[in-house]
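So the sequences go chain by chain: A and B. Note that our numbering gives residue 11 to position 11 of the first sequence, counting from 1, and the numbers run on in steps of one. Note that our numbering gives residue 1114 to position 114 of the second sequence, counting from 1, and the numbers run on in steps of one.
Hints listed in this document are in silico derivations from the structure and should not be mistaken for laboratory results. Computed from a prediction, not measured in an experiment: that's the story for all the values here. You may find that some hints are simply not true.
Unchecked claim - Have a look at the derived ranges for each label pair, beta carbon to beta carbon:
hint, chain 1, residue 1, chain 2, residue 2, range
1, A, 63, B, 1053, 56 to 62 angstroms
2, A, 34, B, 1221, 51 to 57 angstroms
3, A, 65, B, 1131, 19 to 25 angstroms
4, A, 190, B, 1014, 31 to 37 angstroms
5, A, 12, B, 1021, 52 to 58 angstroms
6, B, 1014, A, 103, 21 to 27 angstroms
7, B, 1014, A, 45, 41 to 47 angstroms
8, A, 47, B, 1053, 38 to 44 angstroms
Said to hold, decoys possible - Straight line, CA to CA, 30 angstroms or less: simulated DSSO-like cross-link-like pairs of lysine-lysine:
hint, chain 1, residue 1, chain 2, residue 2
9, B, 1182, A, 27
10, A, 124, B, 1007
11, B, 1007, B, 1090
12, B, 1100, A, 33
13, A, 124, B, 1012
14, B, 1232, A, 27
15, B, 1100, A, 27
16, A, 124, B, 1100
17, A, 27, B, 1216
18, B, 1007, B, 1068
19, A, 124, B, 1090
20, A, 33, B, 1157
21, A, 124, B, 1133
From the three backbone atoms N, C-alpha and C, an ideal C-beta is built for every residue, glycine too.
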Amino acid sequence: MLTLQMTLLSTAMSCVIGIPLGLLLDKARFPGKRIVVLINRTLMAAPPVVIGLVVYLILMRNGPLGFLGWLFTFEAMVLAQTILITPIICGIVYTASQRSASNIRAFAITMGASRLQTQFLLIKELSNEIYFAAIVGFGRAMSEVGAIMIVGGNIRYHTRVMTTTIALLRNRGEINQAIFLGAVLMIIALIIQVIGGFLKRREERTDENI
Amino acid sequence: MKISNIKKEYDKFALNIKSLEITNSVQNTIVGATSCCPNNEQHNIYGIIGANGCGKTTLMKIMAGIIKPDRGTIDNEGLTSRDITMIFRKPYLLHDTVLKNLLYPLKIRNIKPDNNEIEMLLNMAGLENLTNKYALTLSGGEQQKLAMIRAFIFKPKLAFIDEGFSNMDIESVALFEQYIQKTKDTTWVLISHQISAIKRICTNIFFMSKGEIKAKGETIELLNNPQIKELKEYLQYM
Ligand SMILES: Nc1ncnc2c1ncn2[C@@H]1O[C@H](COP(=O)(O)OP(=O)(O)O)[C@@H](O)[C@H]1O
Ligand SMILES: [Mg+2]
């Protein structure tokens, strides 16, 4: 399953980069922070084809990373997806930390937690939000066509994933097959959500007045 | 703990503390006050009183190391962050069960829980039948009690409690006051608006007004015979 491999790998990479970045962005105080946040917000909503184009330009034979020979490969698709999803995960984690990270840090001090224990506690206490960020990223990576079409080239057995196959089938007029694949994609999305739902912890009582 | 020349500014508010000392010794070191009971093993329990917004919580957070002052010095006299705790007015509870919350400070210290001690604390808080309940679904008073025993369990040397009894029922308040009075290895500092409670358990008082400590001294002396205008005004509604 090329689709799942690509989606899982790029979501995992985005989490590894995006979660610490989101926490750091909340904690750090520096001039120009508002601009960084604005850039982050913009990248969260960046059109995939634009990201695809940029990655294409970077990876093309005489581009800065052209020597890697990644264009029209699996690696290129993962790279484009990672660039696409990392800002989303970073942005969601940042927003969540803004709301509760300072409370968690203050609590950690009252308990005498070390710095490492505090970081660990932050991730544990924000796990619901981090999980949400990962699911949103995963969903975006799985459903996306534009970027991976440009950098992957939709080559059969090589860089062709479910979404690009659906686009191709539609172009050829094989609508029934396209619908079938679309349904399979939806079912995979559902299964992922159900599995995620089991991992998710219980909801807290957020409003005492109800 | 000794702090001096502390300054902390927020917009429209400035905290200014020239000097303040908190000790657990029998001898009373507050300037101008004489030790009340030389042969009694009395330990100091401090109360901080003052109107809303006068800076009590801010001062407490600075002493507990939660926020940094803009300037000034804090001498912990050998205590580390492992020895000092603060209980917030609105406690932070972990997204976990009551028991996991209670044991958290022991877990991060690699201390094996003592079952008798845990049972005693849970009973005091009336939480013995709720150990597996998800902590964030507890009532306000139950949350406060959990936060209290979670701080008590690791035997801090210095404990700051910010309006920690405000949602508790009267029996619980009495039980917690007893615990505080008999736990003499801990130096206690309490913020409360309940002057009656302050009178019951505090040996010394700091009275704050507009970001400054306007009066300090032994509880009885200070409350029965307030010398300054602000304190008289503050006490007039009692
Ligand atoms: N983080 C903050 N940012 C801005 N103002 C603050 C902050 N914390 C406290 N203040 C202000 O400082 C003043 C004192 O607050 P506080 O110490 O909480 O008072 P209290 O004596 O009621 O505990 C209040 O006017 C409050 O608005
Ligand atoms: Mg306060």
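Verification of the supplied hints:
no. : hint                                    : verdict
1   : 63(A) with 1053(B): 56 to 62 angstroms  : holds (60 angstroms)
2   : 34(A) with 1221(B): 51 to 57 angstroms  : holds (53 angstroms)
3   : 65(A) with 1131(B): 19 to 25 angstroms  : violated (56 angstroms)
4   : 190(A) with 1014(B): 31 to 37 angstroms : violated (57 angstroms)
5   : 12(A) with 1021(B): 52 to 58 angstroms  : holds (54 angstroms)
6   : 1014(B) with 103(A): 21 to 27 angstroms : holds (24 angstroms)
7   : 1014(B) with 45(A): 41 to 47 angstroms  : holds (42 angstroms)
8   : 47(A) with 1053(B): 38 to 44 angstroms  : violated (49 angstroms)
9   : 1182(B) with 27(A)                      : violated (40 angstroms)
10  : 124(A) with 1007(B)                     : violated (35 angstroms)
11  : 1007(B) with 1090(B)                    : holds (25 angstroms)
12  : 1100(B) with 33(A)                      : violated (37 angstroms)
13  : 124(A) with 1012(B)                     : violated (36 angstroms)
14  : 1232(B) with 27(A)                      : violated (43 angstroms)
15  : 1100(B) with 27(A)                      : holds (27 angstroms)
16  : 124(A) with 1100(B)                     : holds (13 angstroms)
17  : 27(A) with 1216(B)                      : violated (37 angstroms)
18  : 1007(B) with 1068(B)                    : holds (10 angstroms)
19  : 124(A) with 1090(B)                     : holds (20 angstroms)
20  : 33(A) with 1157(B)                      : violated (39 angstroms)
21  : 124(A) with 1133(B)                     : holds (18 angstroms)
Checked against the numbered hints given earlier, the structure breaks hints 3, 4, 8, 9, 10, 12, 13, 14, 17 and 20 and satisfies all the rest.
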